[in-house]
Amino acid sequence: MHQITNSPRDLSEIPRIANISFQPLAPNYPLLSALESLIFWLIPTIALFGIKIFKPQAEIPQLVFFVFPVITILSVVISFLGAKAKGFVLREKDILYKQGLFWQKQTGVSFKRIQHIDISNGPMERKFGLSTIKFFTAGGALADLKISGLTTEDAQKLRSFILEKIGLVEDGE
Amino acid sequence: MASEQQNIAFEASQGDWKRLSPISILFFLSKVVTHLIKDALPGLAPLIVIIANADNKVWLTGLILTGLGILILSSAVLQFWFYRFNVQENKILINEGVFKKKQRILGFERIQNINIIQPFYFKLFSLVTLQLETAGSKGNEADLAGISRELAEEIKQTVLTIKSQTVENEETLDEQQEEETNLLAICDLKHLIQYGVTSNGMFWFLVFIAPFMGMLDEILEKWIGEENIKAVVEYLGGGVQGGIFLAVIVFLTLIFGMLLFSILGAIVRYYNYELTLKDNTLKRHSGFLSTHEESAKLTKIQAFVIQTNFVGKWLSVENVVLKQASGQTNQQSAKAGLFVIPTRTKIQSKELLNKCLEFDDSLSKAELISRRYILKNSLIWSIIPIGVCSVLYFAHESYLALLPMILSPVLAAIFYQRWKNFRYQIGRNFGVFRSGFFGYKKIYFPLFKAQRVIISQSLLQKRAGLANLTVFLASERVSIPYIPMSVATDWFDRISVQVESTNKNWF
Numbered sequence: 001m002h003q004i005t006n007s008p009r010d011l012s013e014i015p016r017i018a019n020i021s022f023q024p025l026a027p028n029y030p031l032l033s034a035l036e037s038l039i040f041w042l043i044p045t046i047a048l049f050g051i052k053i054f055k056p057q058a059e060i061p062q063l064v065f066f067v068f069p070v071i072t073i074l075s076v077v078i079s080f081l082g083a084k085a086k087g088f089v090l091r092e093k094d095i096l097y098k099q100g101l102f103w104q105k106q107t108g109v110s111f112k113r114i115q116h117i118d119i120s121n122g123p124m125e126r127k128f129g130l131s132t133i134k135f136f137t138a139g140g141a142l143a144d145l146k147i148s149g150l151t152t153e154d155a156q157k158l159r160s161f162i163l164e165k166i167g168l169v170e171d172g173e
Numbered sequence: 174m175a176s177e178q179q180n181i182a183f184e185a186s187q188g189d190w191k192r193l194s195p196i197s198i199l200f201f202l203s204k205v206v207t208h209l210i211k212d213a214l215p216g217l218a219p220l221i222v223i224i225a226n227a228d229n230k231v232w233l234t235g236l237i238l239t240g241l242g243i244l245i246l247s248s249a250v251l252q253f254w255f256y257r258f259n260v261q262e263n264k265i266l267i268n269e270g271v272f273k274k275k276q277r278i279l280g281f282e283r284i285q286n287i288n289i290i291q292p293f294y295f296k297l298f299s300l301v302t303l304q305l306e307t308a309g310s311k312g313n314e315a316d317l318a319g320i321s322r323e324l325a326e327e328i329k330q331t332v333l334t335i336k337s338q339t340v341e342n343e344e345t346l347d348e349q350q351e352e353e354t355n356l357l358a359i360c361d362l363k364h365l366i367q368y369g370v371t372s373n374g375m376f377w378f379l380v381f382i383a384p385f386m387g388m389l390d391e392i393l394e395k396w397i398g399e400e401n402i403k404a405v406v407e408y409l410g411g412g413v414q415g416g417i418f419l420a421v422i423v424f425l426t427l428i429f430g431m432l433l434f435s436i437l438g439a440i441v442r443y444y445n446y447e448l449t450l451k452d453n454t455l456k457r458h459s460g461f462l463s464t465h466e467e468s469a470k471l472t473k474i475q476a477f478v479i480q481t482n483f484v485g486k487w488l489s490v491e492n493v494v495l496k497q498a499s500g501q502t503n504q505q506s507a508k509a510g511l512f513v514i515p516t517r518t519k520i521q522s523k524e525l526l527n528k529c530l531e532f533d534d535s536l537s538k539a540e541l542i543s544r545r546y547i548l549k550n551s552l553i554w555s556i557i558p559i560g561v562c563s564v565l566y567f568a569h570e571s572y573l574a575l576l577p578m579i580l581s582p583v584l585a586a587i588f589y590q591r592w593k594n595f596r597y598q599i600g601r602n603f604g605v606f607r608s609g610f611f612g613y614k615k616i617y618f619p620l621f622k623a624q625r626v627i628i629s630q631s632l633l634q635k636r637a638g639l640a641n642l643t644v645f646l647a648s649e650r651v652s653i654p655y656i657p658m659s660v661a662t663d664w665f666d667r668i669s670v671q672v673e674s675t676n677k678n679w680f
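Chain order of the listed sequences is A and B. Residues in the first sequence are numbered from 1 upward in steps of one, following this note's numbering. Residues in the second sequence are numbered from 174 upward in steps of one, following this note's numbering.
Derived by calculation from the structure, the hints in this document are not laboratory data. Hints should not be assumed to be uniformly reliable.
As a list, the in silico BS3-like pairs of lysine-lysine whose alpha-carbon atoms are at most 27 Å apart [as the list claims (entries may be wrong)]:
| no. | chain 1 | residue 1 | chain 2 | residue 2 |
| --- | --- | --- | --- | --- |
| 1 | B | Lys677 | B | Lys451 |
| 2 | A | Lys105 | B | Lys549 |
| 3 | B | Lys329 | B | Lys275 |
| 4 | B | Lys677 | A | Lys165 |
| 5 | B | Lys456 | B | Lys519 |
| 6 | A | Lys93 | B | Lys677 |
| 7 | B | Lys528 | B | Lys486 |
| 8 | A | Lys84 | B | Lys635 |
| 9 | B | Lys635 | A | Lys98 |
| 10 | A | Lys105 | B | Lys635 |
| 11 | B | Lys677 | A | Lys112 |
| 12 | A | Lys98 | A | Lys146 |
| 13 | A | Lys105 | A | Lys84 |
| 14 | B | Lys677 | B | Lys615 |
| 15 | B | Lys486 | B | Lys614 |
| 16 | A | Lys112 | A | Lys134 |
| 17 | B | Lys549 | A | Lys98 |
| 18 | A | Lys105 | B | Lys615 |
| 19 | B | Lys593 | B | Lys523 |
| 20 | B | Lys451 | B | Lys329 |
| 21 | A | Lys134 | B | Lys677 |
| 22 | B | Lys528 | B | Lys615 |
| 23 | A | Lys127 | A | Lys157 |
| 24 | B | Lys635 | A | Lys146 |
| 25 | A | Lys105 | B | Lys593 |
| 26 | A | Lys98 | A | Lys112 |
| 27 | B | Lys470 | A | Lys112 |
Some but not every residue of chain A turned toward chain B, in silico, with C-beta under 7 Å [said to hold, decoys possible]:
| no. | residue |
| --- | --- |
| 28 | Arg16 |
| 29 | Lys93 |
| 30 | Thr137 |
| 31 | Ala138 |
Sample of chain B residues lacking proximity to chain A, with all beta carbon distances greater than 12 Å (derived) [unchecked claim]:
| no. | residue |
| --- | --- |
| 32 | Ser248 |
| 33 | Asn445 |
| 34 | Ala539 |
Because the structure is a prediction, the values reported are computed rather than measured. Note that CB positions come from ideal geometry on N, CA and C, so glycine has one too.
The shape of chain A in the complex, shown without the other chains (with noise of 0.2 Å):
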């Protein structure tokens, strides 16, 4: 039998999420998030002025040789900004986790509910040394919590942090 504690407690000592300074992500996760952007538009953006150069008689109206660079560099700076906003927070009980430039989202998992955790990482993810971590919880596919630009290091940490603060809740009970 384990002991079971509950002393009285002030309202004031709840802890509160209000209040919490985030931690931001690793520090050429910004620089990541962007080259991946860049990628990902480029191909389109180089496909339409390879057809305009190897194919002079192609139409293609003006203006999306225009609209295609803007989308490009404004995702790129978007996805750069977006990252820096990304943080979380590792908390006795629980991880909270925030992102969002324009629609802010704060996201709260305790680890009692953690069914089990993924670690991730992509090609150019390795390159630069950072991983995705995964938290499944039993609400089903939306209720999955996912970290992305932690250094593989510390991904590996917050796991088996986590899972050993599960084991001992387990080994409790």
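Chain A is fixed; fit chain B onto it per the hints.
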């Protein structure tokens, strides 16, 4: 794990392989036929072509039907012959399959739901079907069709005792306190008719007739004929007026058909409805042709939903749905996971809530969400009609082009009505969210059952100090739009505290 403690003597000797009752051939027969209709019907189309082109149609049709019949029958018999099961101390082994052998082991401690069903063709022989569902991957469940009721009950008891041993001590204490069976709800015919009218079963009728919609043209042309329609229009007064009359009559017939379908469906499904509570387990017994018996642990309930439509509001009755965890199991069991309690009065559903979820009435006052919800949604949805208007206006330069603008006030009225129906309340252990348009839907959920919480806000919302709150439960998500940021963070903190401080399992 805990299985070491389970040294209870079990009557059935190990390694005793049993067959189902031969009557279960009927079950396999119905399975083969449904399988055939669902998956293989297009494959049978060439046969019809062959029949249509043959000289002696009657003879060939007879031949093909007999062949098909023999094939179906032998397939059912073979499936029965190769189906064997072996009930052991803490697991059940099932071997089945004619060509593709399948061996399954269901550990009793992993079984989530046990249902006893009696299809009408088993009633005469007093046999039942025992459905075992596990929480694991899809397809890892079993139907023991055609076993005696005694054996089914015996297996059920074994599973329930093994399961209750693995649950925390705290909970078994509770169970001992409440030994006697507690009748929670029954439904008579009047209740079921009201349920048919107040649930959305009506729309199943549309799903039901959808496949026939494609044939509508043909039916109109061949069966009814243009002349007859014209004659009816004439009879109703002729011209436009007659046409309108006909349309109204057709519409009313459709509504009536939907209602009838819904009511009949409710009666077939919930006839003789009885809900009991024993040992913290809910048991439901109902059905007209086939008797269904389902059970669920109280701890598995994730949310308590009370809903009704405008008719129900007028009759002051509501329908209760107990939501269980979905997601990890397949679609079918997710549907079975719904525990419907038809036609309750407000007081009755409150009582059920108290009994099922130990609801404490410490709720705050019900609050409305911010009025900005109306503004934002009407504006966003008006973008389309306004866009259409401007394009039309530039193309035609006629004021008639501004007609779609009428949609904007309509949209505003719609969102006003929706806004008026939103309510949220929070208590020490519970959250409540109500939404609706003509009717309403109220979700009560224990705060500690939350899986994950999201607070989101757009820049405009941020400036107004507003936010949207989304609580993910294992059964569904609850989204509360346009509440003050301070309220959203308060919910977040309260949920966190409840999740961390409650030692009960969420499932």
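Results for each hint:
| no. | hint | result |
| --- | --- | --- |
| 1 | Lys677(B) - Lys451(B) | holds (19 Å) |
| 2 | Lys105(A) - Lys549(B) | holds (19 Å) |
| 3 | Lys329(B) - Lys275(B) | holds (23 Å) |
| 4 | Lys677(B) - Lys165(A) | holds (17 Å) |
| 5 | Lys456(B) - Lys519(B) | holds (22 Å) |
| 6 | Lys93(A) - Lys677(B) | holds (16 Å) |
| 7 | Lys528(B) - Lys486(B) | holds (24 Å) |
| 8 | Lys84(A) - Lys635(B) | holds (19 Å) |
| 9 | Lys635(B) - Lys98(A) | holds (14 Å) |
| 10 | Lys105(A) - Lys635(B) | holds (11 Å) |
| 11 | Lys677(B) - Lys112(A) | holds (11 Å) |
| 12 | Lys98(A) - Lys146(A) | holds (11 Å) |
| 13 | Lys105(A) - Lys84(A) | holds (14 Å) |
| 14 | Lys677(B) - Lys615(B) | holds (24 Å) |
| 15 | Lys486(B) - Lys614(B) | holds (11 Å) |
| 16 | Lys112(A) - Lys134(A) | holds (15 Å) |
| 17 | Lys549(B) - Lys98(A) | holds (24 Å) |
| 18 | Lys105(A) - Lys615(B) | holds (25 Å) |
| 19 | Lys593(B) - Lys523(B) | holds (23 Å) |
| 20 | Lys451(B) - Lys329(B) | holds (14 Å) |
| 21 | Lys134(A) - Lys677(B) | holds (25 Å) |
| 22 | Lys528(B) - Lys615(B) | holds (17 Å) |
| 23 | Lys127(A) - Lys157(A) | holds (20 Å) |
| 24 | Lys635(B) - Lys146(A) | holds (24 Å) |
| 25 | Lys105(A) - Lys593(B) | holds (26 Å) |
| 26 | Lys98(A) - Lys112(A) | holds (20 Å) |
| 27 | Lys470(B) - Lys112(A) | holds (21 Å) |
| 28 | Arg16 | holds (5 Å) |
| 29 | Lys93 | holds (5 Å) |
| 30 | Thr137 | holds (4 Å) |
| 31 | Ala138 | holds (4 Å) |
| 32 | Ser248 | holds (37 Å) |
| 33 | Asn445 | holds (34 Å) |
| 34 | Ala539 | holds (22 Å) |
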